[in-house]
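> Protein chains in written order, with this note's numbering: chain A, 1 to 386; chain B, 1 to 159.
These are calculated hints, taken from the structure and not from any lab test.
Everything numeric in this text was worked out from a predicted model, so none of it was measured.
Treat the hints with care, since some could be wrong.
Said to hold, decoys possible - So, partial list: chain A residues that the calculated Cβ filter (under 8 Å) puts toward chain B:
{"no.": "1", "residue": "Ile55"}
{"no.": "2", "residue": "Cys61"}
{"no.": "3", "residue": "Trp243"}
{"no.": "4", "residue": "Leu245"}
{"no.": "5", "residue": "Gly331"}
To be verified - In silico PhoX-like cross-links for lysine-lysine, where the CA-CA straight-line distance does not exceed 25 Å:
{"no.": "6", "chain 1": "B", "residue 1": "Lys144", "chain 2": "B", "residue 2": "Lys156"}
{"no.": "7", "chain 1": "A", "residue 1": "Lys64", "chain 2": "B", "residue 2": "Lys11"}
{"no.": "8", "chain 1": "B", "residue 1": "Lys22", "chain 2": "A", "residue 2": "Lys64"}
Even glycine gets a Cβ: it sits at the ideal position worked out from N, Cα and C.
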Amino acid sequence: MFENAHPIVKTSNGRTLRSEEMIINMGPQHPSTHGVLRLELVVDGEIVVDVIPHIGYLHRCFEKHCEAMTNYQQVIPYCDRLDYTAAMNMEYGYVLGVEKLLGIHVPERVEYIRVIMLELQRIASHLIALGTYGLDIGAFTPFLFMFRDRERILDLFETTCGARLLYNYIWIGGVSHDLPPGFIDKAKAFCKYFRPNIKEFNDLLTYNDIFIKRTANVGILPADVAIAYGCSGPMLRGSGVNWDLRRDDPYSVYNKFQWEVQIGKGEVGTVGDCWDRYIVRMREMEQSINIIEQALAQIPDGDVQSAIPKRIRPNAGDLYVRTESARGEIGFYIISDGTASPYRVKGRSPAFVNLSVLPEISRGYMIADIIAITGSTDIVLGEVDR
Amino acid sequence: MTPQQISEKLKSQFSDNILDVKIDGVLDPFVKIAASHIKEVAIFLREDADLQFDYLMCLSGVDYGKNVLGVVYHLASMQHRHKITVKVEIPADNPEVPSVSSIWPTANWHEREAYDMIGIKFIGHPDLRRMLLPEDWDGHPLRKDYKVPEFYQGMKVPY
Chain A
1 MFENAHPIVK TSNGRTLRSE EMIINMGPQH PSTHGVLRLE LVVDGEIVVD
51 VIPHIGYLHR CFEKHCEAMT NYQQVIPYCD RLDYTAAMNM EYGYVLGVEK
101 LLGIHVPERV EYIRVIMLEL QRIASHLIAL GTYGLDIGAF TPFLFMFRDR
151 ERILDLFETT CGARLLYNYI WIGGVSHDLP PGFIDKAKAF CKYFRPNIKE
201 FNDLLTYNDI FIKRTANVGI LPADVAIAYG CSGPMLRGSG VNWDLRRDDP
251 YSVYNKFQWE VQIGKGEVGT VGDCWDRYIV RMREMEQSIN IIEQALAQIP
301 DGDVQSAIPK RIRPNAGDLY VRTESARGEI GFYIISDGTA SPYRVKGRSP
351 AFVNLSVLPE ISRGYMIADI IAITGSTDIV LGEVDR
Chain B
1 MTPQQISEKL KSQFSDNILD VKIDGVLDPF VKIAASHIKE VAIFLREDAD
51 LQFDYLMCLS GVDYGKNVLG VVYHLASMQH RHKITVKVEI PADNPEVPSV
101 SSIWPTANWH EREAYDMIGI KFIGHPDLRR MLLPEDWDGH PLRKDYKVPE
151 FYQGMKVPY
């Protein structure tokens, strides 16, 4: 693709024209960068020679705030605001870390409630990712269909804890509210309602010819590059790596459910292209429904707040805990110095790491493809910038 | 491999540069290494057939106070499904650590962030710029002795 990067153009009267690279600025205010991301594109005509991402426009000193808190619980609302489209997953990652530091075990009912919420949240987050991805490519209708269904999930969250976006629901040792009466029936009804809609999305967008032409064989991420760059989640699985922390580094009660890890197979293009990353998210929603249905059927009774400690003061020590959020491996490295507030919290956000591979998979494509590639990495800038 | 076996393998290879090993009594077993040798150890960790730590989960800069900074590497192997934590410690007045971004490309951005937030200089890093803060920002906010500046570019910082 680079062979003719600098062709010497001659006019008919023999003059030589010069061609050179140019820098184009994309963002920070650009609808397809999903927030305030600035991409510095080095282009040769329409062909992208290099991409330099500039981040930090949304930096809110998450890690500094954590150190300044007076106790461990106060960090949870800040975790919500890391990835505001998958807030449950974020707060769970942190809470799990503190619970491991304290060495407490939560009641079985709490684990089931958490799994139900995490998987509902994963569907809601994937719906945004896929809907806005269609929007990036030029398909408006699927976006509306997906937001209609996401609304139902948010309604479920609202009945449970009163919040629709930023929950502060998962607490250290428990959850803030037990499931309200009728929740299980509503959730079951949602699963029944949602399952056929996935086919509808597929008919509308997935196998649409234009969509396939825009996404297949674009932004190919080979498996070895994905691992070397630390990619995770649908980004890694899209490259054909069979890896999911819910199965491979199990936590909570995920090992009690039957479900399958979805990987990209290069059905319409090459393994690891934008379409593969897309289809992994689409198929994961179906698997999440499977998990939710099993969890709803098996959920035991119990008190959801019995294990909440009154005083949180972990012994001095440090630990890294990782869970599978909607975007990949959300890790928290927490250092405790034995006092009531964390000494250091490092958030390893999946979108930050997934974004770092963007230059690698963008070189040699057209400028318009950069939109498709950036969309397929599914970044949330709140999480990238922390 | 268990953390015990991993640390023993490292000890037999880099006896003098392994400063500390803690397996029991800690939540994450870790190996503490002399900062100057992190690169050799990293190559060994990645390339050895029994270890194959191909996945750098997280790289964190830490200010331990008392003039000591640190870098913590959390490593995992997709092949063997084992994990280990590697720590190095460096003095705050000369915070230099060899970069591992040529071994795990993901370290590139993590190291830039650690440089930005803690002020650790990664020797051999291809592009050590600030990651999250503006380029002309003074100081490194996650240092424990950091004071919020009153002014930025002549503008009053409002808190």
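> The structure should be examined with respect to each hint, and the outcome stated for every one.
Right, here's what the structure says about each hint:
1. For Ile55 (chain A), the shortest C-beta to C-beta distance to chain B is roughly 7 Å, which falls under 8 Å, so the interface hint holds.
2. Residue-level restraint check for Cys61 (chain A) holds (minimum Cβ-Cβ distance to chain B is 7 Å; threshold 8 Å).
3. With a least beta-carbon distance of about 6 Å to chain B, the hint placing Trp243 (chain A) at the interface is held under the 8 Å criterion.
4. Restraint check, Leu245 (chain A) versus chain B: the minimum CB separation of about 10 Å is more than 8 Å; hint violated.
5. Among the interface hints, the one on Gly331 (chain A) holds; its C-beta lies about 5 Å from the nearest C-beta in chain B, closer than the 8 Å criterion.
6. For a cut-off of 25 Å, the pair hint linking Lys144 (chain B) to Lys156 (chain B) stands: about 22 Å separates their Cα positions.
7. In summary, the hint linking Lys64 (chain A) to Lys11 (chain B) is not supported, as the alpha carbons are separated by about 36 Å, beyond the 25 Å threshold.
8. For the suggested pair Lys22 (chain B) and Lys64 (chain A), the alpha carbons sit about 28 Å apart, so the restraint of at most 25 Å is broken.
Consistency with the previously given hints fails for numbers 4, 7 and 8, ordered from lowest to highest.
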